[in-house]
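As they're listed, the protein sequences go chains A and B.
Note that our numbering has the first sequence beginning at 1, numbered continuously upward.
Note that our numbering has the second sequence beginning at 216, numbered continuously upward.
No lab work stands behind these hints: they were computed from the structure.
Note that beta-carbon positions come from the ideal geometry of N, C-alpha and C, so glycine has one too.
Take these hints with a grain of salt, some might be off.
Keeping only pairs whose Cα atoms sit at most 27 angstroms apart, straight-line, the calculated DSSO-like set for lysine-lysine is [to be verified]:
#1 A:67 <-> A:102
#2 A:18 <-> A:28
#3 A:102 <-> A:72
#4 B:295 <-> A:18
#5 B:295 <-> A:67
#6 A:28 <-> A:72
#7 B:299 <-> A:72
#8 A:67 <-> A:28
#9 A:102 <-> A:137
Incomplete in silico selection of chain A near chain B, CB under 7 angstroms [stated by the list, open to error]:
#10 50
#11 59
#12 61
#13 70
#14 80
#15 83
#16 148
Single-letter residue listing:
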Amino acid sequence: MIRFENISLDTGSGFALKDLSFTVPSGKYAVLMGRTGCGKTTLLEILCGLRQPDSGSIFIGDRNITKLPPGKRRIGYVPQDGAFFPTFTVAEHLAFAPRLQKKSAPEIATRTAALAERLGLTHLLDRLPQNLSGGEKQRVVLGRALAADPEVLLLDEPLSALDEETREDMAVLLQSAHHDHRLTVLHVTHLRSEAIRLGDLVLRLEKGRVLSADD
Amino acid sequence: MKRPSLFWITLVFIAVLYLGFIVAMLAATAAYTSLGEMWQALQSREIRYATGLSLLTCTVTALLSLILAVPIGYLLARSKFRGKALVEAALDIPIVLPPLVVGLCLLILFQTSFGRMVEEHVAFTYTIAGVILAQLVIGAAFAIRTMRGTFDHLSSRPEEVAMTLGCSRFQAVRFVTLPAARRGMFAAASVAWARSLGEFGPILVFAGATRMKTEVLPTTVWLELSVGNLEAAVAVGLLMVGMAMIVLVAVRLTGESL
Chain A
1 MIRFENISLD
11 TGSGFALKDL
21 SFTVPSGKYA
31 VLMGRTGCGK
41 TTLLEILCGL
51 RQPDSGSIFI
61 GDRNITKLPP
71 GKRRIGYVPQ
81 DGAFFPTFTV
91 AEHLAFAPRL
101 QKKSAPEIAT
111 RTAALAERLG
121 LTHLLDRLPQ
131 NLSGGEKQRV
141 VLGRALAADP
151 EVLLLDEPLS
161 ALDEETREDM
171 AVLLQSAHHD
181 HRLTVLHVTH
191 LRSEAIRLGD
201 LVLRLEKGRV
211 LSADD
Chain B
216 MKRPSLFWIT
226 LVFIAVLYLG
236 FIVAMLAATA
246 AYTSLGEMWQ
256 ALQSREIRYA
266 TGLSLLTCTV
276 TALLSLILAV
286 PIGYLLARSK
296 FRGKALVEAA
306 LDIPIVLPPL
316 VVGLCLLILF
326 QTSFGRMVEE
336 HVAFTYTIAG
346 VILAQLVIGA
356 AFAIRTMRGT
366 FDHLSSRPEE
376 VAMTLGCSRF
386 QAVRFVTLPA
396 ARRGMFAAAS
406 VAWARSLGEF
416 GPILVFAGAT
426 RMKTEVLPTT
436 VWLELSVGNL
446 EAAVAVGLLM
456 VGMAMIVLVA
466 VRLTGESL
């Protein structure tokens, strides 16, 4: 479960989050919609610890994570821009989190191979992600996040830059990752079709507040 | 075939004019001496000592400059704080100050009680350590500029994502940013090395020009000129041109392969 309690943030650059509260139940796939520039990415960055809110608290399950550093939150973050590690191959991206968790070399190799197999990246392991196609890049970013074995997955417009066919393949992959890893997902998009296709729960961010899509 | 426009012809003309001037300068210097005369001059014990000392001090300075430039460059590129413009201006002081004044400032600093206290442990004035310190003041300023530019061009996003995967800030920089900055680090060290090779004013004032002690190659040129031995001065000058060219080519080749 993800719970935002009275989160406020004034970015000083045109928009603000005002006393924002909402809950994503455990194991649900929530889609947060909103216009471009309404603060969706900022909300995700607050959740994964890259920005501090001015006030309020955030919980994952019953853990108050508001003051925890990003790496202690057990959140997998799939950013819109990929944010690839410039010198890392695909294999190194997938092995990065297990390496930080001090897993043994054989375990890292096994996990990387299994994850690559599931995401269809096995033949690309030695390549640099910057040189891959849009769909392949998204699978690498997803794999890097899943490799950390997160409790919560945050997806920032993961399908926006993909063509229609690749988008459907990626949507299937996201659904299976959600199911197989028993994740609570918060997926941000401005596209209604994505929300309908994937969301158990659809929310809308408008004027700094989160509303249910039914409101 | 399409004829190049007047615009491009003008640019090429200016570039050729400038490059031609540099080549003419070097060619005239090279024509002043012969290989035999050069070889004879370079057999001198003093000149060989100065060459060795130049290579040693420039290399130490380049490494020390990098140790300073990486954290300071990162700080300037990634953080916002009050008075940042002032700090940036202060870091450029060694670049804009006349080199002799840098030497003078160093000399005065080491006459203060703080300087004397430091010199009780490590002697800098008129020593090899002083040569390195004089080179470092200016070399590091150029290295910091280079590293700041490098970090400015590297997005902080990969570092942030690395932190969500379990890294501390230090680990994110070490594992993600520094490998991506390796060309910039190499360029920064090279700039510091090359600047140090040509450094003269601060060394003369702060470390002196004692033969077989604090004599580096620019000092040799000056000492030989001052006794009217133009042939030896030219030979050492050409040696420095050769060393600088080797470093520049090595930087290009290594930079491309990194």
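- Query: Which earlier hints can't be squared with this structure?
  - Reply: 7, 11, 12 and 14
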